[in-house]
Amino acid sequence: MNLRNVLEKLYNEKKFICPYTDEECYEFLETNEGQIQIDAAMAVFDRKLTRVNENGAFYLTSTAPEHATDRLLLKKEFLKVRDEIEPVVEFLVFISKVKSDAGVLVSGDIIRYAEILNLVTDNELHLKHLNQLVQLSAFKTVKKSTTDKLIALFDGLERLNLLVVKNRSEMLYQITGKVDYIHTVMEFIAEYEVIAVDEEEAEQIELAHE
Amino acid sequence: MNSLAEKFAELGKALTQNAEAIARLTELNGEEESDLGELTRLFNTLTSYNIIHGNEVEGFSASSVLVELSYLLNKQETNRRLSPDVNEWLAQLQLKISQLNQAKESKNTRTYGQHLTDIRGMVFLMRDGIGNEVRSIEIALHTKFGHVESIADKQAENKYLINRLDRLTKKLLVLDLQTLNDLAGSNPELRKILSVKLFRSIDDCREAILASIPRLKHLLWEFEKQSKDSKRVWAFYNHFRTHSQGFKYDPTDDELTELVLPCHTDNNIKELAADVENQSYFASHIDLLNTLKPRHELNLDQNQESKEPPNFEGEANSEELIEYSDRMEAHLIEMLRLSKVERVSCREYWKLNLGETGYPYGFMSYAYKELNQIKSLKTKRKLTVKTKKAFEQSATVSVTDLILEPLS
Numbered sequence: 059m060n061l062r063n064v065l066e067k068l069y070n071e072k073k074f075i076c077p078y079t080d081e082e083c084y085e086f087l088e089t090n091e092g093q094i095q096i097d098a099a100m101a102v103f104d105r106k107l108t109r110v111n112e113n114g115a116f117y118l119t120s121t122a123p124e125h126a127t128d129r130l131l132l133k134k135e136f137l138k139v140r141d142e143i144e145p146v147v148e149f150l151v152f153i154s155k156v157k158s159d160a161g162v163l164v165s166g167d168i169i170r171y172a173e174i175l176n177l178v179t180d181n182e183l184h185l186k187h188l189n190q191l192v193q194l195s196a197f198k199t200v201k202k203s204t205t206d207k208l209i210a211l212f213d214g215l216e217r218l219n220l221l222v223v224k225n226r227s228e229m230l231y232q233i234t235g236k237v238d239y240i241h242t243v244m245e246f247i248a249e250y251e252v253i254a255v256d257e258e259e260a261e262q263i264e265l266a267h268e
Numbered sequence: 273m274n275s276l277a278e279k280f281a282e283l284g285k286a287l288t289q290n291a292e293a294i295a296r297l298t299e300l301n302g303e304e305e306s307d308l309g310e311l312t313r314l315f316n317t318l319t320s321y322n323i324i325h326g327n328e329v330e331g332f333s334a335s336s337v338l339v340e341l342s343y344l345l346n347k348q349e350t351n352r353r354l355s356p357d358v359n360e361w362l363a364q365l366q367l368k369i370s371q372l373n374q375a376k377e378s379k380n381t382r383t384y385g386q387h388l389t390d391i392r393g394m395v396f397l398m399r400d401g402i403g404n405e406v407r408s409i410e411i412a413l414h415t416k417f418g419h420v421e422s423i424a425d426k427q428a429e430n431k432y433l434i435n436r437l438d439r440l441t442k443k444l445l446v447l448d449l450q451t452l453n454d455l456a457g458s459n460p461e462l463r464k465i466l467s468v469k470l471f472r473s474i475d476d477c478r479e480a481i482l483a484s485i486p487r488l489k490h491l492l493w494e495f496e497k498q499s500k501d502s503k504r505v506w507a508f509y510n511h512f513r514t515h516s517q518g519f520k521y522d523p524t525d526d527e528l529t530e531l532v533l534p535c536h537t538d539n540n541i542k543e544l545a546a547d548v549e550n551q552s553y554f555a556s557h558i559d560l561l562n563t564l565k566p567r568h569e570l571n572l573d574q575n576q577e578s579k580e581p582p583n584f585e586g587e588a589n590s591e592e593l594i595e596y597s598d599r600m601e602a603h604l605i606e607m608l609r610l611s612k613v614e615r616v617s618c619r620e621y622w623k624l625n626l627g628e629t630g631y632p633y634g635f636m637s638y639a640y641k642e643l644n645q646i647k648s649l650k651t652k653r654k655l656t657v658k659t660k661k662a663f664e665q666s667a668t669v670s671v672t673d674l675i676l677e678p679l680s
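From first to last, the protein sequence lines stand for chains A and B.
Numbers in our numbering are just positions in the first sequence, counted from 1, shifted up by 58.
Numbers in our numbering are just positions in the second sequence, counted from 1, shifted up by 272.
No lab work stands behind these hints, which were simulated from the structure alone.
Glycine included, every Cβ here is placed at the ideal spot set by N, Cα and C.
Hints are not guaranteed to be accurate.
These stretches of chain A come out as covered by chain B in the derived footprint (C-beta under 8 Å, 3 or more residues) [to be verified]: (1) 113-120; (2) 160-172; (3) 237-244.
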């Protein structure tokens, strides 16, 4: 494995590396040797390798979060990911409504554009939902056709690094490990913004407000 | 043909001739039914072997063997043939062994042989059952309970399997080597069946189960997390529908640190230099450069021509009007400066100033693009572009050198 390539992906391209985005790189990072090499190379930049939920996608984080520059960068990252939550949530709910047997998608799940297009085209409610989705800045498009709107949606998710193309000609996509990172941030936000995730919590929040 | 083979043949005929009635009975899952339509004489064979229970007056019902067989034929739950209850199996085995020993004492070879066959059958059932248990776990782990659709069902199946395996492991502990040796006594045939074959299977199964339980527990954790994540997505979806203001909470530095967010450095502050020497990146560099926004046009009159040729050394960096936004731009300006008084080869410049051999493809393509945009260049310098074909019959040429010379 070319260490330079891995470093460029992590540091320059700011990537989350999971088995679905880059299997070879991910396997290298899973090894002890790989982690030691990356940490050693990144130490000079005050960065270290870390993982989502300790077993998910790899990314770089700061070893000196107390420093003003990194503190600012972390803040910026929080604001950035916070803005990404709405389009991601809207998309996950959209797919779960369109393809009810899929449930809420998780990392590694495969989505076929053609299948979603068929399901959306056949249903007025789904079309309406898609129209709402393309109003979001992440998926904004001026195109009128359902095909183009759906493409704009998938392209937007690719830009957010939430989807990765597995087969361009067949328009086969896969959910990346970044979705787990989004869930981690959502968990944090849910706690502080007091968003009830299950019924018990909802009841507790209602009681607290009474 | 031996008697068992004949019995199988007779059973086969009975099954063939009464297939419709049997299928109907298996669908009833053990419920009794008296109206099965026309039955053949061989239907009695099925009742005599207890494959079908009952009679014409009270009605017929399918036995568990028949129901299980129908599951197998429907290719459903093929891996669910589980091991028998250990305590019950052990009690039956003890009974069979005492009968075997009695037959041995009374020197009744025929009965002895029959009991030994029964014991072999029981051991086979147990080995087959525990083998299926292990295969079933492996399939569940490998497919992440792919045969079940909803997360809630997956969680339920997973919990059930963990409990079942926990109980099974405890039960299998009963069948330790000492117990099996005691059961076999001094009978060499029983020792071979119980102490060697069965014990080996039990031991392998126990190891596989013990290794699987943590994996199952981890999978259960994953399902629970997935379920929670799914609920959270819906909660946020509802939140976005009812709250238009978005999120307001401003996390403290400690909270941000605890969240272990990715820390992405702005690339203009700290960056890894592009590997311009690597020819395999050449195409990428060209693509990258083509996507860059146009820079300020280099103005030879303002930046360069005002300087006297002998005072050129090291002065370019002090020119306020020139913004050195990157390394390549600085080198190009330096080349232009030198070319006012002498012939400058891009390749030679690269070699002399950066001590690097080979083609600086990235730099040359950048320089070529920039120089072509300097309108006043033609009146100030002579630019020679050296190219070579990518290969013999190719129409594509690549730039191998750029030479800047002062116009004489």
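Checked hints:
Figure legend: the segment 113-120 of chain A, annotated as covered by chain B; annotation consistent (4 residues with Cβ-Cβ distances under 8 Å, at least 3 required). Coverage of the segment 160-172 of chain A by chain B holds. Counting CB-CB distances below 8 Å, 3 residues qualify, and the rule asks for three or more. Look at the segment 237-244 of chain A against chain B: 5 of its residues bring a Cβ nearer than 8 Å to a Cβ of that chain, three or more, so the hint holds.
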